[in-house]
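Novice: Residues per chain are reported as follows:
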Amino acid sequence: MSKIWIISIFIIMILVISPIISYSQPLSATDATGFTLSLSQPPNRIISLSPGNTEILFALGLKDKIVGVTTYCDEPPEALEKEKIGNVTEIDLEKILTLQPDLILASSLTPEETIDRLHELNLPVFTLKSETIDQVIEDIAKVSVLSGVELSGSALVKTMKDNLKKITDLTQLIPNQQKPLVFHIIWHDPIWTAGSGTFINEFITFAGGKNVAEDIQGYSTIDFEEILRRNPSIITVIKDHGKNEENQLYQFVTTDNRLRSVTAVKNNRVYLVDSNLVSRPGPRVILALQYFAQIIHPEIFGEYQPK
Amino acid sequence: MVNLSLSVQNLFFSYENRKVIKNVTFDIQKGDFVGILGPNGSGKSTLLYLLSGLLLPDAGSIFISGKNTKELSRKNWSREIAIVFQETNLNLDLECYDIIMMGRFPHWRRWQKENKHDLDAVQDALQITNTKQFASRPFRELSGGEKQRVMIARALAQEPHILLLDEPTSHLDILYQLDIMSILYQLQKKGITIIGVFHDINLVSQFCNQVLFLKKGEVLHYDLVNKSLHTPQLEELFDVAFLEEIHPYSLRPFFMPLGIVNKLVPLSTSVHLICGGGSGSIFMKEFLEAGFSVSVGIVNQFDSDQEMASKLGLPVIIEKPFSPISDETFQKALDIASKSDYVFLAPGYWGWGNLRNLDIAFSLLERGKRVLFLKESLDRKWDYTEGQAIDKLNRLLQQPQVKVFSSVSELLSYLKNITKNNSG
Amino acid sequence: MNIAKKRLIILILIIILILSMIFSLGIGGGRFQVSDLLSFFQPSSLSLSEKTILFEIRLPRLILTVLVGAALSLSGAVLQGLFQNPLVDPYVLGISSGGAVGAIVAILSGISLGFITLPLFSFIFALATTFLVLRLGKIGTKMPLEIMLLAGVAIGFFFSALISLGMFLAGENLHQMVFWMMGGFWNSSWNKVITLLPLFIIGIPIVFSYSRELNAFLLGEKVAESMGVDVEKTKKILLLVTSLLVAGSVSVSGVIGFVGLVVPHIIRIIIGDDHRQLLPASFFLGSSVLLWADIFSRTLLHPVELPVGVLTSLMGAPFFIYLLRRKKKGW
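Chains as they are written, first to last, in our numbering: chain A, 1 to 307; chain B, 1 to 424; chain C, 1 to 331.
What the hints contain is simulated information worked out from the structure, not anything from laboratory work. Keep in mind that the hints are not guaranteed to be accurate.
Straight-line distance between alpha carbons at most 27 Å, and here's what the computed DSS-like set of lysine-lysine pairs gives [unchecked claim]:
| hint | chain 1 | residue 1 | chain 2 | residue 2 |
| --- | --- | --- | --- | --- |
| 1 | C | K236 | B | K70 |
| 2 | B | K30 | C | K5 |
| 3 | B | K381 | B | K392 |
| 4 | B | K113 | C | K5 |
| 5 | C | K6 | B | K116 |
| 6 | B | K215 | C | K222 |
| 7 | B | K67 | B | K190 |
Label pairs and their computed distance ranges (CB to CB) [claimed, not checked]:
| hint | chain 1 | residue 1 | chain 2 | residue 2 | range |
| --- | --- | --- | --- | --- | --- |
| 8 | C | R31 | A | Q135 | 34 to 40 Å |
| 9 | C | I3 | B | H230 | 52 to 58 Å |
| 10 | C | E146 | B | I418 | 53 to 59 Å |
Some residues of chain B that are not near chain C, with every Cβ distance over 12 Å (derived) [to be verified]:
| hint | residue |
| --- | --- |
| 11 | D27 |
| 12 | M102 |
| 13 | P232 |
| 14 | F405 |
The C-beta atom is built at its ideal place from N, Cα and C for all residues, glycine as well.
Given the sequences, and given the hints that come with them, work out the whole structure.
Specialist: The following block contains the structure:
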């Protein structure tokens, strides 16, 4: 009789104590500004301040917890139906307050003053500022921890890392001389490209190419003459979003007289890439890398056929 | 018509609904030197601008050397008439020679280069205005007077038949004023017609041969200087009293304004002043300043009071020098004095020559006028007539219409009060 | 300073310009290479890309820079003389804001007529702005210049507000507008040279032919008119021609500041106020100055290109302050 009593009391204690223990352990992570955010319970009302962050939230299966997004958040299409809190640079603070968020994801595009203000108002804001693919993957992991969906987070992270490895394993083996020179053009007046320290640069290098502008830091102008001198064999062109049917930039690259001697133009290896895809730090970076890999080494990765 | 350099007929000009030039008509002969005088706002500068074509009249015509200006192109007009403006405080880093050469503009076509004629014209201009030594110096280094001479040279380079000047000397030192006037005088001798607006009446009287009086846009007079340039016309023009003298060197008239005298005050009180030997001058000034009209008599010619009264343009009865008062003169004095309200006896010396003046006072008492004098006149020291003058004065004292004052200020306030009461 | 000395200075300026142009042909890849220069005279020995670099990128850029520098300096000198005001620059009648608004409209509307879209829009708007200002500044048949200056300032303010609004609405196209307004020769092509050249060929002789009128203006409008100058016609023609030159420049290279303002002043300090030498001297000095500014903009941070408008302002401002302190005597 007494043994049964002792065992049942023990079981009851475990049943009572363990949820208490698990609930009192906070969800916590440190963001790009060094700020550590700790939440006592998983957030139910999340606001995203950038399209990239919105994609991350959707990819982590948190779509039902999203209560506010920016006007630029268009991927996936369901994001368009969410409540808008402004665009990327002009944020409606009042709206945010009325939505009573328990997690706000800011990005490198969010103005400093806005982030400071949010902190001042004691709102739970977490800033993501990634500049490499690895950092993006890390950020996704952090967000999954904060949101209490570590399991889906780890799964996504693993998939991304695996796909990344699949590509880099193959491209690492390519000797330097066989890495095609790639030039990524963002605008033509003046010529604007992406140098080292940008996502584009990573895409090109991981995909087994050589960025013609790697001696330049960040996004920058480049002397027209250099394009001819460096003679890329592949040119990737940002696709204009929604403005014109005939993409001005693509027209420029393929028809301007002065570029006719460039190998990429001669061999018709000028490719349009979606500007959002290649500039958003989010789960689709791997897809972007895949596209670049197909563009640069179709013989290994197959034809580039964007959806 | 042939000799007429400039003919203006029925010129009208308005500016913002205000008539600035009203029905102005005059003719100027070749070689005249015309001075335009008038108070501020009379339209003098506007008239010059109309003559030079900088403004176009609302009505009327201007003929230059017989040609109607309505048919003149801008350039041709500038070949006939050149204008020099008031002052040039421009700080140009340009050689004076080049500035004068600009005056040749009306003679050039668009791409035409400078020819010998142009060079000669500039040399002549430098010569006449005595500016050769400035030719290669930058304009901004010159003084005001020197700059003005260069501007005149520039105008002369246009080879005009008529030269207009808008107060060319107003801002200059006396040296440069006379300098420029003598240049203009020389130009006149060469047959160039000169029309100048002047502020200084005496420059006009010294140098011009014709004068145009412009008041409120209308021509009051236009005539030769020795006919029209005298105090009555000046007073009508400026509403200020003037003193006219003869300049000792040029023998031309010379004018001085009298100061504070305000001729615009209606003269309600008139005083006849009996004085002599300088005793009356101060009273003439006081009475005039108080706004009274004054007549003076009887004084001998060359007496200082006579000279003062004549200069002031006051009605004055003059007796021959060193002569006693004749009956004729006495009667004239009575006629004048009876037009006044009061007679005032200035404190002065009485001699046999002027004793009869006191009888004027008595006659006027009979005519109901008031006689005034100062208490100090009763002092025996004034009497050189063995007491007769003092007796007369004492007798006057006993008359009811006679008032005696202890001071000049008492006298003046009495007269002023009367005036106020009369006009009130 | 006599006329022989002035002519000598102009000759020196011409020589400097020619030497600078030759030198600039050899500038590329961040440095001067004599071989590049010599290759110009032996085009047959070059590969297609080398030929393209020299003849289709470098040469038109050089010519465009020279044309724009000359146009801006000359216009600045003329407008300063016309307005009798030393603070006047070629954009005083709102041309730069008008051109910017034109560019913004082209960008925002998404209309595409090919590569002339932006230049065409900015040219039309720049000219339209000038006409607007001239119309506003007119009183009867006369054009009082002070009123026109004020009208230009007012329109400038209004358009600046429009520009800010445009940039706000730009969204993704913001960078285009910002670059356009910074001013630069990065995309110089023969097309642009061909659009600017006729304006030049017509405009320059007309401007030079009015040198004497501008000299007369120095004495004041009244004096000038009394000397036979048709003041209103002179104003109209000079304003129109300079507007064409400046609008053309703005449409091919954006807004480049200081050249039009400072170069004429430098010449005035050396040569004086006589427009017969001031205009050609400004013309040649202005083209050299802009040419060198462009050389620096493409070599200082090679292969990154700096916007030349930023360089001219950075160089111009301290130099201008230096000039002001020296010339305390005033205009």
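Novice: Run the structure past the numbered hints and jot down the numbers of the failing ones, going up.
Specialist: Going through the list in order, the structure violates hints 2 and 12 and respects the others.
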